[in-house]
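Single-letter residue listing:
2 protein chains.
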Amino acid sequence: IIYAITPTYARLVQKAELVRISQTFLHVKNFHWIVVEDSPVKTQLVSELLAQSGLRFTHLHTETPKEHKRKESDPNWLKPRGVEQRNLALQWLRENRELSEEGVVYFADDDNTYSLRLFDEVGAVRFGGKEWGSAEIRSTKRVSVWPVGLVGGLRFERPLVEKGRVVGFYTAWKPNRPFPMDMAGFAIALQLLLANREARFDLLAERGYLESSLLQSLVSIEELEPRADNCTKVLVWHTRSEKPKMKQEELLQKQGLGSDPSIEV
Amino acid sequence: IIYAITPTYARLVQKAELVRISQTFLHVKNFHWIVVEDSPVKTQLVSELLAQSGLRFTHLHTETPKEHKRKESDPNWLKPRGVEQRNLALQWLRENRELSEEGVVYFADDDNTYSLRLFDEVGAVRFGGKEWGSAEIRSTKRVSVWPVGLVGGLRFERPLVEKGRVVGFYTAWKPNRPFPMDMAGFAIALQLLLANREARFDLLAERGYLESSLLQSLVSIEELEPRADNCTKVLVWHTRSEKPKMKQEELLQKQGLGSDPSIEV
Ligand SMILES: O=c1ccn([C@@H]2O[C@H](COP(=O)(O)OP(=O)(O)O)[C@@H](O)[C@H]2O)c(=O)[nH]1
Ligand SMILES: O=c1ccn([C@@H]2O[C@H](COP(=O)(O)OP(=O)(O)O)[C@@H](O)[C@H]2O)c(=O)[nH]1
Ligand SMILES: [Mn+2]
Ligand SMILES: [Mn+2]
Numbered sequence: 001i002i003y004a005i006t007p008t009y010a011r012l013v014q015k016a017e018l019v020r021i022s023q024t025f026l027h028v029k030n031f032h033w034i035v036v037e038d039s040p041v042k043t044q045l046v047s048e049l050l051a052q053s054g055l056r057f058t059h060l061h062t063e064t065p066k067e068h069k070r071k072e073s074d075p076n077w078l079k080p081r082g083v084e085q086r087n088l089a090l091q092w093l094r095e096n097r098e099l100s101e102e103g104v105v106y107f108a109d110d111d112n113t114y115s116l117r118l119f120d121e122v123g124a125v126r127f128g129g130k131e132w133g134s135a136e137i138r139s140t141k142r143v144s145v146w147p148v149g150l151v152g153g154l155r156f157e158r159p160l161v162e163k164g165r166v167v168g169f170y171t172a173w174k175p176n177r178p179f180p181m182d183m184a185g186f187a188i189a190l191q192l193l194l195a196n197r198e199a200r201f202d203l204l205a206e207r208g209y210l211e212s213s214l215l216q217s218l219v220s221i222e223e224l225e226p227r228a229d230n231c232t233k234v235l236v237w238h239t240r241s242e243k244p245k246m247k248q249e250e251l252l253q254k255q256g257l258g259s260d261p262s263i264e265v
Numbered sequence: 001i002i003y004a005i006t007p008t009y010a011r012l013v014q015k016a017e018l019v020r021i022s023q024t025f026l027h028v029k030n031f032h033w034i035v036v037e038d039s040p041v042k043t044q045l046v047s048e049l050l051a052q053s054g055l056r057f058t059h060l061h062t063e064t065p066k067e068h069k070r071k072e073s074d075p076n077w078l079k080p081r082g083v084e085q086r087n088l089a090l091q092w093l094r095e096n097r098e099l100s101e102e103g104v105v106y107f108a109d110d111d112n113t114y115s116l117r118l119f120d121e122v123g124a125v126r127f128g129g130k131e132w133g134s135a136e137i138r139s140t141k142r143v144s145v146w147p148v149g150l151v152g153g154l155r156f157e158r159p160l161v162e163k164g165r166v167v168g169f170y171t172a173w174k175p176n177r178p179f180p181m182d183m184a185g186f187a188i189a190l191q192l193l194l195a196n197r198e199a200r201f202d203l204l205a206e207r208g209y210l211e212s213s214l215l216q217s218l219v220s221i222e223e224l225e226p227r228a229d230n231c232t233k234v235l236v237w238h239t240r241s242e243k244p245k246m247k248q249e250e251l252l253q254k255q256g257l258g259s260d261p262s263i264e265v
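Chains as they are written, first to last, in this note's numbering: chain X, 1 to 265; chain P, 1 to 265.
Worth double-checking, as some hints may not be accurate.
It does not matter which identical chain is meant; a pair holds if it fits inside one copy or across any two.
To be verified - Cross-link-like lysine-lysine pairs, in silico, DSS-like; alpha carbons within 27 Å at most:
#: 1; residue 1: Lys71; residue 2: Lys243
#: 2; residue 1: Lys29; residue 2: Lys243
#: 3; residue 1: Lys233; residue 2: Lys247
#: 4; residue 1: Lys71; residue 2: Lys174
#: 5; residue 1: Lys69; residue 2: Lys79
#: 6; residue 1: Lys247; residue 2: Lys174
#: 7; residue 1: Lys69; residue 2: Lys163
#: 8; residue 1: Lys245; residue 2: Lys79
#: 9; residue 1: Lys233; residue 2: Lys141
#: 10; residue 1: Lys254; residue 2: Lys233
#: 11; residue 1: Lys233; residue 2: Lys42
#: 12; residue 1: Lys71; residue 2: Lys247
#: 13; residue 1: Lys174; residue 2: Lys245
#: 14; residue 1: Lys243; residue 2: Lys233
#: 15; residue 1: Lys233; residue 2: Lys69
#: 16; residue 1: Lys233; residue 2: Lys71
#: 17; residue 1: Lys233; residue 2: Lys245
#: 18; residue 1: Lys243; residue 2: Lys79
#: 19; residue 1: Lys174; residue 2: Lys254
Derived from the structure by calculation, the hints contain no laboratory data.
Just chain X, with the same shape it has in the complex (with noise of 0.2 Å):
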């Protein structure tokens, strides 16, 4: 099983987000989909789409503490973003599931883009021969890695492969972090998260270190496996969806002339 990990909140695009990832993960076999809300209550909208997306799913909720949440002010990088939503995932994960069952993990924002190959690569991370068939398979054990499109400033980062094991990464910012990776960029085999029960995200780290936060209890660099045809493929993309315009909805609101709340966006 893939176990897909994602936080989210509530905004303008959610629905629209939400809406065009669960149709790529429905093509996906053995997808089990964790969304875990930023928010005090499981709301109408996330229920009801998850229950009609025809996927396998998990739905949490847990808000981010005020004094670590976002304001709208905030410049986007100033806090962490779903790192308690992830970490009650992992931890739901860790109640729910034996050492014995098979499967991996992969944190899925909202707001990226995912090529259907990708989900060969995941799942080549942990699984028999049988639906994923490739010979690379069997020795796979800990973490996998791949490149991440349009991300760190840059049009990809990625980590360097030298005769079939990572020897160190392109990435321009920060390239001192212990893994200069972007969360899309890997997935963790479930046994390893089962066995290292206190590994998870430490919501205090410094802005580039949350990935390495959890990687660093788990893996070293030598043993992290490529993907991606020695991570030469993008096949995931970090996009940002721009956030509406509601000037004329702001305007209307004003004379009580706002939109029909009652229909959901």
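Based on the hints, put chain P with the ligands in the right spot on chain X.
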């Protein structure tokens, strides 16, 4: 058949956009994608993406005339976008399809978000009851319409429906346009386009009047056929992607150390 016409142009997010909408379209039965590149040649990126998409497709190209092309510095609304591309697709349909063939034509920009449920509504424009199964279908002849989310400075724009007929539009911007609707909010029976061989988008249409320039010669407001529960459900969103920041890439390129151009993003 649903013919989706998608104009597209080279930019950093192009592949990501095309990948994600292609994966949505891959769920839709009886679907034919007409992709028209705004470029002097068919690019390798789009050619390969289409070949690998698993979709039935037609690949065309035509460059927007220089004097109508938007510059990087222009605001995105200054010039019409995708106009000649959509017209070329209409021409292709007129040259390659017969009046006896059933079909419906939808203009699907590459950056919007489409719920799969939309294609049931689109499909209902002109098809017999079998695959699409709605009672309204047989009476559908010309142009069907529905709401579009996150457009026009509003949460949504939509046709207003009374007793099953369109009687006006909920829209804030230039409400006096003949058809104050976004491109994503309607679909047209193929036969109507084949019977009206001169109907096309006007490259010189005033801002906001592009949709009207085509629809005016095809249909009257009274003839519009409301879909999506009498235009009360949002099934398509006018999303837009942020332009990715390339600060590090530019710095590295100045030093001759830009990212490997052979890795496609
Ligand atoms: O207050 C927030 C902000 C973001 N997110 C989620 O956390 C993930 C990463 O956030 P975002 O995509 O905004 O970060 P970036 O694109 O800057 O990496 C996404 O799935 C968001 O939906 C969240 O749960 N709460
Ligand atoms: O120079 C351009 C700009 C845009 N487009 C395409 O035309 C459609 C509408 O453009 P865009 O989404 O930028 O417009 P908006 O979101 O402002 O409606 C999209 O499919 C684009 O890929 C194009 O072919 N050439
Ligand atoms: Mn993001
Ligand atoms: Mn657009």
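Quick rundown of the hints versus the structure:
1. Lys71 / Lys243: both (14 Å within a copy, 22 Å between copies)
2. Lys29 / Lys243: Neither, since 33 Å and 32 Å both go past 27 Å.
3. Lys233 / Lys247: Between copies only: 22 Å across, 40 Å inside.
4. Lys71 / Lys174: within (25 Å within a copy, 33 Å between copies)
5. Lys69 / Lys79: within (7 Å within a copy, 39 Å between copies)
6. Lys247 / Lys174: between (38 Å within a copy, 14 Å between copies)
7. Lys69 / Lys163: Classified as neither: same-chain Cα gap 43 Å, cross-chain 47 Å, threshold 27 Å.
8. Lys245 / Lys79: Result: close both inside a copy and across copies, 23 Å intra and 19 Å inter.
9. Lys233 / Lys141: Close inside one copy (22 Å), not across copies (46 Å); limit 27 Å.
10. Lys254 / Lys233: between (50 Å within a copy, 24 Å between copies)
11. Lys233 / Lys42: between (37 Å within a copy, 22 Å between copies)
12. Lys71 / Lys247: both (20 Å within a copy, 25 Å between copies)
13. Lys174 / Lys245: between (33 Å within a copy, 16 Å between copies)
14. Lys243 / Lys233: Cα proximity of Lys243 and Lys233: across copies only (21 Å, versus 29 Å in one copy).
15. Lys233 / Lys69: Cα proximity of Lys233 and Lys69: none, with 34 Å in one copy and 32 Å across.
16. Lys233 / Lys71: neither (36 Å within a copy, 31 Å between copies)
17. Lys233 / Lys245: between (35 Å within a copy, 21 Å between copies)
18. Lys243 / Lys79: both (18 Å within a copy, 21 Å between copies)
19. Lys174 / Lys254: between (46 Å within a copy, 19 Å between copies)
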